[in-house]
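Here is what each chain is made of, one letter per residue.
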Amino acid sequence: MQRFRELSPLKKKEATFGWKLVSPAVILIGLFIMYPVLYNIYLSFFEVSLTPGVPNKFVGFQNYRELLTDPTFWNSFGITMLFVLITVVGSILVGLGVALLMNKEFPGRGIVRALILFPYVAPVISTVFAWQYVLMPLNGPLTILLSNLGIMDVTKDLVNDPNNAFLVVSFYSIWKNFPFIYLMILSRLQSISQDYYEAADIDGANGWQKFRHITLPELYYVIGSLVLLRGIWNFYKFEEVYLLSKEARTLPIYLYEKAFTGLPELGVAAAIATVLFVVMMVLISIYVRKVLKW
Amino acid sequence: MVVRKRSFIKTFLFWFFIALVVIFVSYPFAYMVSVSFRYDSDAFDPGLIPENPTLSQYAQLLGLQESIRQQMSEEEQQLMGLLESLPEEQREQVLQNIQSSRRRESFPFLRWFGNSLLLAGLSALTSLIIGIFGAYSFSRVWYPGRTFVQRGVLLVYLVGGVILSVPLYDLFVRIGLTNSGGTSMFALYIIYIIQTLPVSMYMLGNYFRTIPESIEEAALIDGSTRIGTIMKIIIPLSMPAIITVFIYAFMIGWNEYLFASIFIRPYPGAYTLPVGLREIFFSEHAVWAKMMAASVLTAVPVIVLFMTVEKYLTAGLTAGGVKE
Chain F
1 MQRFRELSPL KKKEATFGWK LVSPAVILIG LFIMYPVLYN IYLSFFEVSL TPGVPNKFVG
61 FQNYRELLTD PTFWNSFGIT MLFVLITVVG SILVGLGVAL LMNKEFPGRG IVRALILFPY
121 VAPVISTVFA WQYVLMPLNG PLTILLSNLG IMDVTKDLVN DPNNAFLVVS FYSIWKNFPF
181 IYLMILSRLQ SISQDYYEAA DIDGANGWQK FRHITLPELY YVIGSLVLLR GIWNFYKFEE
241 VYLLSKEART LPIYLYEKAF TGLPELGVAA AIATVLFVVM MVLISIYVRK VLKW
Chain Y
1 MVVRKRSFIK TFLFWFFIAL VVIFVSYPFA YMVSVSFRYD SDAFDPGLIP ENPTLSQYAQ
61 LLGLQESIRQ QMSEEEQQLM GLLESLPEEQ REQVLQNIQS SRRRESFPFL RWFGNSLLLA
121 GLSALTSLII GIFGAYSFSR VWYPGRTFVQ RGVLLVYLVG GVILSVPLYD LFVRIGLTNS
181 GGTSMFALYI IYIIQTLPVS MYMLGNYFRT IPESIEEAAL IDGSTRIGTI MKIIIPLSMP
241 AIITVFIYAF MIGWNEYLFA SIFIRPYPGA YTLPVGLREI FFSEHAVWAK MMAASVLTAV
301 PVIVLFMTVE KYLTAGLTAG GVKE
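Listed in order, the protein sequences are those of chains F and Y. Heads up: the first sequence at position 98 corresponds to 98 in the UniProt record's numbering, and the numbers run straight through without jumps. Heads up: the second sequence at position 277 corresponds to 277 in the UniProt record's numbering, and the numbers run straight through without jumps.
Fair warning: there could be bad hints in the mix.
Unchecked claim - Partial pick of chain F residues on the chain Y-facing surface, computed with a CB cut under 8 Å:
no.	residue
1	VAL26
2	VAL37
3	ILE125
4	LEU255
5	LEU266
No lab work stands behind these hints: they were computed from the structure. Glycine included, each C-beta is placed from N, C-alpha and C at the ideal position.
Next comes chain F alone, as it looks inside the complex:
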C-alpha cells in the first residue's frame, strides 16, 4: 500500500477529500459501536456503581465466576442455542418452499407476493399483539381452533408457559422472518439459467432430480450466507422474544433483566454481553471456514 506522503499532490488532495467525506460516519461508528464494545469488556471486570461520585469497584473475574455457576445462565444459554437452531432451520425451510412456489407464474401472483412481505414489514409491536390475541387461553381463535382439532387444551396459555414459551417465540420468529429468506432465495432462483433445466429434461430427469442436482447446488452459497446472517441476528434477538413472551428466557432477555430491571447489576450484564460476543465470534469463524470456505 502506498503511504500518504508518497502520493502526488493531486492524489493527496483526493485522499484528503475522501477521508473528510467518510469521517463523520467513521467517528460515529467508532464512538458509539467500536468503543462501547471494548468498554463493555472493561465493565465486565467491575462492580458498576450507579450512584454518581462513587467509582466502580474492580472485582476481576468475579462477575464471570458468578455467571458460570448460575444455573439460570446455563439454562438461558441452552434455550438460546435451541431458539437459534429452530428459527434458522425453520425459516430457511419455509422461505425455500415459498420461494420455489412463487417462482412459478400464476394469476394473482403479484398480490400474494406483496402479502408475503407483510409479516416482515409490519412492526414487531403490532404483530406481537395480534399473535397474543389469537393465542389467548379460552377466547383466542387459534386456541379454540387447536383445541377443536384435539391438539391442546383450550385453557392452556401457550404464550406464558415457561416450558414452551420459547417454542411459541420460535414459531413467531419463523413467521416474521421467512419473507426475508424467501426474497433472497427467489432472486437467486430467477437468475439460474433455464438451459440447465432444458438439458436435464432432455436427459429425462424428474422434478426431484432437477431440484437436487441443479437448484440446490446453485442455492448453496445463498443459503449458506443466510444461515450466517439469520444465525447472528437471532442470537442477539431481543424485541421479538421479549415483547411476545416474558417467559422465553433467552440470553438477551437474561442480560436485559440483569441490567435494567430490579436491582441493576451492570457488571454482570456486561459479562453476559461479553460471553455472547465471544461465543458468536467463535461460531462465526468456524462456520465461515467450514461451510462458506472463505
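Starting from the structure of chain F, add chain Y where the hints point.
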C-alpha cells in the same frame, strides 16, 4: 389420460400450497383488522366479520371522539368543585387518587405516534445524509486505509444491539443524557443513527458502483466540483436507492424497543409507539379492540411506505446490505 390426471393433482396441490401460504401470513393480520372494528366488549366474539362494526376505536385513538373514560372525567371535574370544601389533608389524598387513575387511563396515541415519527424520521434522514457522503467516499475516491474503513463498516454486523445496551447506557448516564425526556430522546436519536448507518453506507455504496464513472468525469471536466457532482449527478441518479435506504432506516427506528425502553421509560411524554403500547397493554385490562386498532395504525404507515417502493426494496435487500 395418466398425464392429465397427474397434472390435475399437481395443479390442485399447487393451489393448495398457495392457499396455505396466504393463510399462514395473513392469519393474525385478519384478526387484528377485524377486532379493531369492534367494541371492547365484543373483542372475543367468534368469527372474522364483526357483528356490530364500529369506527369508534379509531376515532378515539385519533382524538376525533372522546373516549368513555374521558367523558367520565367531566364528572371528576364536578367532583373537583366539591373537593374545595374538604379539609386540606383529605383533599390531597383524593386529588392524588384522581391523578394516578387519570395517568393509568390515558391513551395518548397521537403523542406517541408523533414521537416515533420524529425520532425515526430524523434519525433516518441524518443517517442517510452521512451515509451518502461516506458511501461515495469509499466507492469512488481512493485513499490509504479505504479497505480498512469498508471492512470496519461490515464488521459492525457482528455487533448486536444487546451487546451495546450496557456500555451505551453507562456512557449516556455519564454524559448526562438521561435526566429528562428531551435528552433521552436525543440519546435515542444518536443510537438510531448508528444502528442504521452501516446498512445505509453498504447499500448506497453498492448502488453508487453501478453508476458509470464516465458521467461524473464529464461533469468534472466541465468544471464541476466533486461535491457538485455528488449533488447534481450521484444523488439524482440514485433516488430509488436513497428512498429505499431511508425507508429501511425509518423502519428500524419505528420498531426499536430495547433502547427506547431503557432510556425513555421514566418519561411518559417521550414514549415512542412500542414503549407506549406495551405500557398500556400491561396496565389496563380488556382493551383488546383498542390495542388492535392501535396496532393497525402503527403498522399502516410502514406497510404503505414499503408497498410503494416494493420493487426497489426487493432489489436493495437482495443486493446484500441489510440489518435488522
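Hints, verified against the model:
1. VAL26: Holds, about 6 Å.
2. VAL37: With Cβ-Cβ at 6 Å, under 8 Å, it holds.
3. ILE125: Nearest chain Y Cβ about 4 Å off; hint holds.
4. LEU255: 6 Å, holds
5. LEU266: 6 Å, holds
In the structure shown, no violation is registered for any of the earlier numbered hints.
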